[in-house]
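Line by line, the protein sequences give chains A and B. Take the first sequence: its position 65, counted from the start at 1, is 65 in the numbering used here, and no numbers get skipped. Take the second sequence: its position 177, counted from the start at 1, is 177 in the numbering used here, and no numbers get skipped.
Any given hint could turn out to be false.
Stretch by stretch, here's where chain A covers chain B in the computed footprint (C-beta under 8 Å, at least three residues) [as the list claims (entries may be wrong)]: (1) 24-32; (2) 92-99; (3) 106-114; (4) 223-230; (5) 366-375.
Some, not all, of what chain B presents toward chain A, calculated at C-beta under 8 Å [stated by the list, open to error]: (6) Pro11; (7) Glu281; (8) Phe285; (9) Gly320; (10) Ile322; (11) Leu324; (12) Ile327; (13) Val329; (14) Phe333; (15) Leu404.
Since the hints were made in silico from the structure, they are not lab data. Cβ atoms here follow ideal geometry from the backbone N, Cα and C, with glycine treated the same way.
Okay, here's what each chain looks like letter by letter:
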Amino acid sequence: MFNILSLVFKYVFIVIIYMFIFSIIKLIYLDIKGIRPIPADSGTYLKLINRKDTLPFKVKEYYPLEDNVFLGRGNDNEIVIKDPYISKKHLRIVKDEDEYFLEDLKSANGTYVNGDRVMDVVKLNNGDRISVGQVEFLFVNKE
Amino acid sequence: MLNRGVNYKIPRNLLFLFESIALFLMFMYYRNALDRSTIIYGLSLIFIIYISNLILSKIVSGDNYIFLIVTMLASIGIIMIYRINYEQGFKQIIWISLGIVLFFATYFIVKRIKGWEKLFLYYCLASVFLFLATLLLGRRFKGAINWISIGGISFQPTEIIKILAILMIASYYTNYDRFKEKKWGRYYLIGIMYLFVFFLFLQRDLGSVLIFCSLFLALQYIYDENRKLVLANIVVLMFSGLLGYVIFPHVRIRFETWINPWEYIDTIGYQITQSLFAISEGGFFGTGLGLGHPDFIPEVSKDFIFSAICEEMGILTGIGVIMLFMILVYRGFKISINQRNKFFRIVALGISILFGIQSFIIFGGVINMIPLTGITIPFVSYGGSSMLSSFIALGILQVASEELDIEED
Chain A
1 MFNILSLVFK YVFIVIIYMF IFSIIKLIYL DIKGIRPIPA DSGTYLKLIN
51 RKDTLPFKVK EYYPLEDNVF LGRGNDNEIV IKDPYISKKH LRIVKDEDEY
101 FLEDLKSANG TYVNGDRVMD VVKLNNGDRI SVGQVEFLFV NKE
Chain B
1 MLNRGVNYKI PRNLLFLFES IALFLMFMYY RNALDRSTII YGLSLIFIIY
51 ISNLILSKIV SGDNYIFLIV TMLASIGIIM IYRINYEQGF KQIIWISLGI
101 VLFFATYFIV KRIKGWEKLF LYYCLASVFL FLATLLLGRR FKGAINWISI
151 GGISFQPTEI IKILAILMIA SYYTNYDRFK EKKWGRYYLI GIMYLFVFFL
201 FLQRDLGSVL IFCSLFLALQ YIYDENRKLV LANIVVLMFS GLLGYVIFPH
251 VRIRFETWIN PWEYIDTIGY QITQSLFAIS EGGFFGTGLG LGHPDFIPEV
301 SKDFIFSAIC EEMGILTGIG VIMLFMILVY RGFKISINQR NKFFRIVALG
351 ISILFGIQSF IIFGGVINMI PLTGITIPFV SYGGSSMLSS FIALGILQVA
401 SEELDIEED
């Protein structure tokens, strides 16, 4: 009886072990695939600096910027991030004559560009670090 | 991200299924000698592993794979040990449970306390103290003095020194600029490492010599700015290897049995030839648990556990174990690349290299690919010190997988 069970189970074990390895490789693959290449058509975008799986809410790796973009927790924003430390309407990025400006919309926890709190409006340069709530973005402007 | 909870369940449940079936089979195997406590211990281990994986995926913000992989390895190991030796398996269950507790303890302690990179001197002193204690109080066991026993509890200090050495190397290279200003600052670490290797030679612990040398070489190769020193180090190690071959007879024996084990099949080559027989006996799918004869190999539950796995569970499972180690080391490297804190970056790299080297040396050893040196496979082999220290190392790796600098702000 035991011999038969053992003979059958040896195949079962191998199948389970390989399924286990496969499922972990799949998870790792999904993890790596999450890092999408930069969208080629948009020259200006926000790039996430935090590692994606360290944040307990949904956030994309890249956010392309248009002429007028709102960022906040509320669903009516162009960039929606469900971070509790982000206000409903947190900030606005406006394009004006090929220059990008960031405006803090009186958010509770503030917006920081390169470590300095934004009091009113600030001009964005390529490579600026914008931090809102627990999220940190890199501002990239290739135009 | 969306169906994260669903995704993580699959490997966790597969692990649970594997353990349940294997345990059931083991209870069948020992059906005449089964008592209540064994069943309770076995079932509680499955429970502990499942719960820890569940808790871990909830509380940590870092890597979720390494603990899963390690618990799978530990499960394969425990099943095999339990099948070979009833009592050892029983003890191993306790060691694994203790290891998991230590893993969580290490995780919280290392995460809470800041300033690990500043303790260079203390890591050195602690290691040297442990080495001296081993030489003075140590027992000679199979040619090597690497056990000390205090109050009935015996352990291998080398296992702890491995972790201390990684922390030491990491703190050295984190503060490299400060050390460089001193006159002999560039040579501090290399001096200390040679001292360690010297101590290990005195203990005649060849496997550990190999581990320490390759660990140090790898980290030095990556982080040392002085390239000539790296080259000099490689040359010196090669010459001391040759010297060791000429001077120490036990090094020569290892080498000769590696070249031709069949000539010494009755004496010094017995172990390795039995291991080769066992692996070939198993074939692709193995003989089935409890149907082979892994007990023909001496020391089968420690160094030669891999041959036993290959015999009874098949070469395919053996390849699976190697693949699990590959994923583990890969994850370790990825953690190291993502970590921005320099100290933990080096520590993560060191720990991954340690796991990789250690498993490579013993896998290569038992299949006679490289000369055999008796060391344990981390997480798989029988042995308390090795299991506990590996889980401590894993706890540190788990901390290193998290974003550390941001939390300090």
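Status of each hint after checking the structure:
Note: the segment 24-32 of chain B has 4 residues with beta-carbon separation from chain A under 8 Å; the three-residue rule is met and the coverage holds. Remark: the segment 92-99 of chain B is not confirmed as covered by chain A, as 0 of its residues place a Cβ nearer than 8 Å to a Cβ of that chain, below the required three. With 0 residues having a beta carbon nearer than 8 Å to a beta carbon of chain A, the segment 106-114 of chain B misses the requirement of three or more and the stated coverage is violated. Residues of the segment 223-230 of chain B with a Cβ under 8 Å from some Cβ of chain A number 0, which does not satisfy the need for three, so the listed coverage is violated.
Counting residues of the segment 366-375 of chain B whose CB falls under 8 Å from any CB of chain A gives 0; the rule of at least 3 is not met. About 5 Å separates the beta-carbon of Pro11 (chain B) from the nearest beta-carbon of chain A, less than 8 Å, and the hint is met. This hint is violated: Glu281 (chain B) has a C-beta 13 Å from the nearest C-beta of chain A, more than the 8 Å allowed. Contact between Phe285 (chain B) and chain A, as hinted, is supported at the beta carbon level, the nearest pair being about 6 Å apart and thus within 8 Å.
Interface restraint check: Gly320 (chain B) against chain A, minimum CB-CB distance 4 Å, threshold 8 Å, status holds. About 10 Å separates the beta-carbon of Ile322 (chain B) from the nearest beta-carbon of chain A, more than 8 Å, and the hint is not met. Using the Cβ-Cβ criterion of 8 Å, the hint placing Leu324 (chain B) at the interface with chain A is satisfied: the shortest such distance is roughly 6 Å. Interface hint at Ile327 (chain B): satisfied, since its Cβ lies 6 Å from the closest Cβ of chain A, which is below the 8 Å cut-off.
At its closest, the beta carbon of Val329 (chain B) sits 13 Å from a beta carbon of chain A; the interface hint therefore is violated under the 8 Å criterion. The closest approach between the C-beta of Phe333 (chain B) and any C-beta of chain A is roughly 12 Å, which is over the 8 Å cut-off, so the hint fails. At about 11 Å, the closest approach between the beta carbon of Leu404 (chain B) and any beta carbon in chain A exceeds 8 Å, and the interface hint on this residue is violated.
Checked against the numbered hints listed earlier, the structure breaks hints 2, 3, 4, 5, 7, 10, 13, 14 and 15; every other hint is satisfied.
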